Structure formats: C-alpha cells, structure tokens
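First to last, the protein sequences are chains C and U.
Numbering of the first sequence is given in the UniProt record's numbering, commencing with residue 1 and proceeding in unit increments.
Numbering of the second sequence is given in the UniProt record's numbering, commencing with residue 1 and proceeding in unit increments.
Keep in mind that a hint or two might mislead.
Said to hold, decoys possible - Derived lysine to aspartate or glutamate pairs resembling DMTMM-like cross-links, with alpha carbons at most 20 Å apart:
(1) K63/U <-> E158/U
(2) K70/U <-> D196/C
(3) K210/C <-> E160/C
(4) K168/C <-> D153/C
(5) K97/U <-> E123/C
(6) K334/U <-> D297/U
In short, the hints are calculated from the structure, not lab data.
Computed from a predicted structure; not experimentally measured.
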Amino acid sequence: MAHKILFRPTLVLTLTFHKTPFSVSYHPFRRSQQQPFSFLNTHPTARTTNNTHTHLWCSNFSTTTTTEGSEKCYLYLTDEDLMRQCEMGTFKSSGPGGQHRNKRESAVRLKHLPTGIIAQASEDRSQHKNRASALSRLRSLIALKVRKTVDLDPYSPPRELLQILPPKSSIRGSDCGPQIGPNNPRFALGMQALLDLVFAVEGSVSDAAKYLGLSTGALSRLILSDDSLRKEVNDLRASKGMKPLK
Amino acid sequence: MKLTLSSVYRPHSFPKLLNCSSFGILGRPFCSSALSSSPTCVKPQVPLFLRPPIYSTKLCDLKKWHDWAKGVSLSIGSTFVQSDNGADSNMLCRELKWLMEDAVEDHSLGMEDDDRVKMRIDIEELYCLWTQRVQERRPFQYVVGCEHWRDLVLSVQEGVLIPRPETELVVDFVSDVVSENEDLRSGVWADLGTGSGALAIGICGVLGSEGGRVIATDLSPVAVAVATYNVQRYCLQDKIDLREGSWFEPLKDMEGKLAGLVSNPPYIPSEDISGLQAEVGRHEPRLALDGGIEGMDALHHLCVGAALMLKPGGFFAFETNGEQQCCALVDYIKSRSGRSFCNLEIRADFAGIQRFVIGFHQ
Ligand SMILES: C[S@@+](CC[C@H](N)C(=O)[O-])C[C@H]1O[C@@H](n2cnc3c(N)ncnc32)[C@H](O)[C@@H]1O
C-alpha cells in the first residue's frame, strides 16, 4: 500500500543543541536515490564539506575508549550514537521564522565533534530527510578521512572489506555473500578498511592487490568505481609522487 | 474504511485548464464518497504527485519549458529577498527541480529529444503554474499541492496553512514525553487548529499503533476537509477524529480527560500581517496567521482551556511567535492558573529562536 510506505515508525534520538535538549527523529528508510533529470542541473549537487585535507588518525583522538573501541572507530556506531557525537544546526534564518516565513530552506549541518568533520544536506524537501542524508554523508566522509593503522604482518582484512571485493578475490571466502557496491550503506565500512590498507602500503595499488588476492587491474577497477574513493587514493599517490589511477 | 489508490486517482477528474490565473488550478476538486462525511462540502484537491500520469510530452518540449522557467527564476536574482525576505534565484531553481519531480512520472528519462515523457499535468499548465509561482508569488507548496513535513507528505491547498519546519519539533516533544509515560501514550490527545492535520498525524505516529487517539479541531471547513484527506491517505481515520469548530468547543465531552494538548495557533500580531512575505501574506489564510493585537488572543484562550481539559499529569505544548510571546505566556500562565501547571519550559527551535512553551497539568 502506497500510503503505508510513506508512514513508518520513526526511531527517535536525543541530542543536545544550544543547551536546549531536543530530539530528532531519524528516518531510517530512504527512497533509493534516483538521479532524475541529469540534463537539467538546476542546482549544484549536494555538497559535503570537510575542513581538512589531512587525514585524522584514530589514535589521535581516542580518549577513554578501549583499544578495541578506538580501533573500530565511529562507523560502527549506530545512527543514534553517531548523532550524539554531533552538533546539529540549521542555517540561521534571518527574521522571526515560524508562521512569518515561507522558504523551503530545510538545510541541515552536522558537525562531528570528535573529528571536526562537517556534513550537510539541503537538497531534500524536508528537514527530516536532510538530517538522514547528512548523517549518511558523514559516514562516507569519516570513512574517507579517518585512518587507522593496519598490521601488515600478518594482514587480515576485516569482513567489511572482503564484502566489497569482487568474487574473484582469492582470499574472499564464499561465506561473504554477494559483493557490496558503492550504493550500499555498508560500503563505507569496507572503503575505510581499503583506504587503511592503501595508506599502509603507501599508495601502491599492486602491493595492496597482493594482500587482497586480486590482480592490480581488478583492484584498480574497484577503486575507480567510487569517485570519492578514487580521489582519496589519487591524492595520496600524488603526495608520494605517483601517477594517478585512471 | 480504507482509501484505495484507485479512489485517490480518479483519472478523469482533471480537465485541461483554460483559465490560468484562477486558483484551483490544480484540477477539479477531488471527489470521493469516502470524504462526503466531512461536515461541509469542501472538496480537497489531489496533490500533483498523486495524480495519474495521463499526459505525455516530448522530452524537447519539457526541456524547453524547463529552460524558460529557469530563465524566469534567474531573472529574479535577489529581488524578492530584498523586498520581503522571499526566495532568491537559487531557491526558485531548487523548487523548479521539485516541481519536475512531482510532475514527471518516469524519472529515468530517455535521451532523444523525440522520446515521450509521461506527465501528471499538461505541459501548458506547467507554464501557468510557474508564472503563478513567480509573478503572483503563489507559494510553491500550493503550486504542487503538497508539503514535505517530517517523514510525511501532506496535501495542502489555498485556505490551509502550509506546515512549517519549526512545528516539526512539537512532535518530538510529544515523542519524548510518551516514551517515558505509558499512561500518556495510551491517552487521548488533542491538536487544536490542526490545519493540514500535520501535528495530529505526526503525533499519531509517535503514539504508535498501540497508543491512544488524537482529536483534531479547526474552525476552517477547508482545513477540516484537507486534514481529513491527509488522515485518510495515511489510513489513520480510526485513530484521528476531526471536528469542526472553535478551539475547545468541539471538545466538550473531553473535560479533564485529555492526556495531551498541542497547538500552533495563529500568533502574528495583526499589525504585522501587511508586511509579511508575499507568499504568506497574500496567499495563506488570515484565520491561520492573525493572532489579534498582540498576537496572543488564541494562546491565552488555549492556556485557560488547557487547565480545564487536561487530566492530572497531562502535557501541553504551544508554538509562539518567539521569545517575547514565550515569556509573556509563561507569565500569564503563572499569574492566572499558577497552581494548575508545573514544569513550565520554554524551548528553542532549530534556528535558536525561543519558540515553544511546554508544561504539565498538576
Ligand atoms: C498557524 S495555523 C496551524 C495549522 C497546523 N496546526 C500547522 O501547524 O501547520 C492555525 C490554525 O488554527 C485555525 N484556527 C484559527 N482560529 C481558530 C478557532 N477559533 N478555532 C479553531 N481553529 C482555529 C486556523 O484555521 C489554522 O488552521
């Protein structure tokens, strides 16, 4: 029933903002992201900003968490817990707001306090959904920007990484299920682990490919399949004087 | 009584419109036996995105319309921002994209100019609609007949206030309160001046299927009709009881029984109405905005009534014009019925403006 789909129980989270406690309901269900009317380009695509190009290393800001906790980092948090680490704001409106105003400005800006990473969303028609988009964008940014040290001797890739590898990888067991692609929310976790490995081998795709039981070509294709992943790898390679992947 | 999609659609009730300047451009009123029980005969309109895709146009014609509409939007620059803090070109372009989303059925458009695109509205009408949006400053939400609010998509039309993002927070307050209090969750709630039904439907969602009912009232027959439509679209007619009448008048049977009471009543001081943003002042109903000389006529009335209608421990939340009204309202409550209420609090909206007064009945 179409009406049913539009109305789902919401999961409620509480966070603090301007000393006033309030809660936001986060809507876990999102319509698959269509990219309609690409010929139109009526407005710049959703922006994500982060205020740094340097990578954050997990150990730098783990405080009282256990080693286990800091190793796993933020992407393993539930939406609710991740949201608790964020400061949320809308863009300050001028004027009295409320009934005075009709402006579909429902942009949301999340600042992840432990890392300073900022994600925002303004493309949706409801503030509610912008909150959900900003949070999922924050996950991708964390995956791209927060690095963990990797033990290469011996290297044991986490399951999330195995799941984004193509089936032909020789270390990917059949129990990993079908390959997870960039549109799956769980891709961020695998991407983070992949970047950790690429950083550990200082940008060498052929070295990383060996650890993953893949040919260099197959790993390159995987990296190129996601624009932000490709950019991150190429930025690293550029900083080491290596040629970009194309 | 379930409202089926086919009864929502009524494919043949949307004749081509000839007169572009009149309101009601969104097609002939929706008509269904399911709605004939509403007290008056106002027929709610079907939002654009729910209409059947019975039109088709060539991709090149759609592009042509789009380029024209975009040009119109860009020519506005910051004119509206300067005159009354209205939308700028960027905002209009974003609205244009949303209008496309609602008007075009098949989003995976073909590539060739001659490919045909299925539409929910005639391309000629799109020209009219965008002219209304920009020249007459008709609110975008009335143009498409809906507003996205929380996780809902609510039908709106002339005569009904377009729900505001600020008001979304009232549902969160209720959600917090009932998450700690089963008694309130299973009780009867009231939303006075429900307009499109936004708060009533949102609250019904957080009460859950095991939770209590909501009674929603409004003085405006158009509001009651539109709220009825929205309630039926979400299949909540068993949970939400819509009553036409002034504030507490239709609630006489509920004296001392309400678990909760919420309202976003008209609160703009009368003298501010003429200076409002054109979309609001020229197009939204004055009944929904004008709160009397100081803007607090309805708020005062609601506070007095709340003391009477709420059961012990019952919760209330009211939206106000801002800090000044919040403080004045708290003072009013304390001086008039100080002992009736406890835990009075002022809460801010997302922009940091003190917006809401909440509290509990003793
Ligand atoms: C600001 S609107 C709020 C609508 C809706 N609750 C929302 O938040 O979107 C105020 C509503 O109060 C209604 N109203 C005005 N005077 C009323 C009265 N005397 N009794 C009941 N409702 C009234 C208006 O028709 C309007 O729908």
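Tell me if the straight-line CA distance from K334/U to D297/U falls inside 20 Å. holds (17 Å)
Are K97/U and E123/C close enough, with their CA atoms no more than 20 Å apart? holds (10 Å)
Holds or violated: K63/U to E158/U, with C-alpha atoms at most 20 Å apart: violated (29 Å)
Pair hint outcome, K210/C versus E160/C [Cα-Cα no greater than 20 Å]: Distance of about 18 Å is within 20 Å: holds.
Take a quick look at whether K168/C and D153/C sit within 20 Å of each other, Cα to Cα. violated (23 Å)
Is the Cα-Cα distance between K70/U and D196/C 20 Å or less? Violated. K70/U to D196/C sits at ~44 Å, over the 20 Å cutoff.
Consistency note: the structure conflicts with the earlier hints numbered 1, 2, 4.
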